[in-house]
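Reading the sequence shown from the start, the letters are residues 1 to 547 in this note's numbering.
Derived by calculation from the structure, the hints in this document are not laboratory data.
It cannot be assumed that every hint is accurate.
[Said to hold, decoys possible] Here are the simulated SDA-like pairs of lysine to any residue, each with C-alpha atoms no more than 25 Å apart in a straight line:
hint	residue 1	residue 2
1	Lys313	Gly167
2	Lys47	Gln138
3	Lys223	Phe312
4	Lys390	Leu232
5	Lys47	Ile248
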Amino acid sequence: MGDYDENTAFLGQTGPYFWTTFFLLNTVFVSTGFNGLYIVFVGAAPKHHCLIPDVNLTEQWRNAIVPFMVVDGEEVRSQCSRYRLDVVRNLSAEGFIPGKDVNLTNLEQERCLDGWNYSKEIYQSNIVTEWDLVCDNQWKVPFASSTLFVGYLVGSLISGQLSDRFGRKKVVFISLGAQCVSVLLQSFSHSWRMFCVMFLFVGASQISIYISAFVLGTELLSKTMRVLFTTLGAFLFYCIGYMTLPWIAYAIRDWRTLLAVLSTTAVVYIPLWWFIPESPRWLITQGRVEEAEAIIRDAARKNKVEAPPVIFKETGVRNPLCKFTMLDVLKSKNIRCITLMCLILWMAINIGYFGLSLNTSNLSGNPFMNCFLSAITEVPAYIVSTWLLKKCPRRVLLSSFLVIGGGVLLLIQFIPRTLQYVAVALEMTGKFGFTMAFSIVYIYTAEIYPTVLRNIGMGLCSSAARIGSITAPYVIYLGTYNKVLPYVVMGSLTIASSVVNVFLPESLNKALPETVEQMQECQGYFKSGKYNSKHGVWPKNAIPMNC
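Throw the hints in and build the complete structure from the sequences for me.
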């Protein structure tokens, strides 16, 4: 087949068909927004202390049986221990008064053998209160969160192959159905293990929706609409779902009901099956040219333009490109160097982005409002990054926002407890910086790799991103030992990655490299020869990649 964009140029760059497809596909991303981070509320730990069984104790001893301890300079009731119940019961029966007749610090303590009392001020129930995921079992919450991101990793690896074989449209809607069923089954979980297993399927189906819908949009839309879709549309509609989540969670405080309601929202996407077409590009690769032409003619009718008698003309067989594998990334020192730096960047950015997203329930103030603020800070970040990418050097831009994101996190530890709102504002500033870096690194990485290795390179970076997101819940878990520790870890990693980024080649106003020989070298390691961005060629005397 000839060039697809040339063959379909008669459709124009905009029109009813393109705008309708643009908005319908973007609505799919809303579901990924509010189904991705409900663990923020479902896995939040409310205030709790040891449950005191209904035994014969005086009111004074019932109030004193849970010891007080100092946490971050504040005196609070112990969450994981109590004074031995048999000893307290005997002292109560003998008429001793705690603190007056008995020095409480000398009493022996024991674990919460009868369970816990949980505050219902914010959450009526969630997985923490239902399965007692506190104290010795507190590690199970970050583990549950990480299973979502393991699902992301699995889905990233298989969704591309499935959409290449069965079609983009089918995978999008099958994944929507799988997400609906997974979340619904998760709401009926009878154990923490079942919750984790279903969360893995939720993650796999969710990333499959995102990737397949993203690819379908890039293949259906015109060049002009494609840029708007990939740089702004998908991200903003994801934010709409993310911003909707805290309000749904605020209205529904029971976790099982919340998940059931979120799962049923997939029903609204059923009618879209009849309005979103399959990718004509994919149909052509499968030899189904007539079906592809039917879709284009329908698009022409909606755009009120006349289609030519024959849309896709045979042009002869192209010479097949050499097939490259993941091993080709390791053959050259330069590509190894660039790939390693990209992997570090993607991992650090994802740890910071998802770490801050998951940490909203631990901040001071209303957790629902904190989650909403965390989501809304992404909107200006995506808009500003789209505008800046048109004019600014990628390396300087990415390093700047990494320094902003990591720097403000390192400042949080110096904010006094009396100025918690300042700490929240700094965290939101950090989230803005990470979101900017998140959107920039996608385009930057794609511009660095040559066409023959671009898909492989992006796949490796995406896998590194998944590893970073799997790690993020455990970074937040460090806050159980010291509240500022997660900020120190995330801030330090981000600042370090900004230094690594300085050594990557600049790609602004450079022609996209097509072959391995055209790929730029690491900064500071040029031997000879410069890539001619105007003509897209390297001089004959250029020494191959050497970093």
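Tested hints:
{"no.": "1", "hint": "Lys313 <-> Gly167", "in the structure": "22 Å, holds"}
{"no.": "2", "hint": "Lys47 <-> Gln138", "in the structure": "13 Å, holds"}
{"no.": "3", "hint": "Lys223 <-> Phe312", "in the structure": "18 Å, holds"}
{"no.": "4", "hint": "Lys390 <-> Leu232", "in the structure": "13 Å, holds"}
{"no.": "5", "hint": "Lys47 <-> Ile248", "in the structure": "22 Å, holds"}
Consistency note: the structure conflicts with none of the earlier hints.
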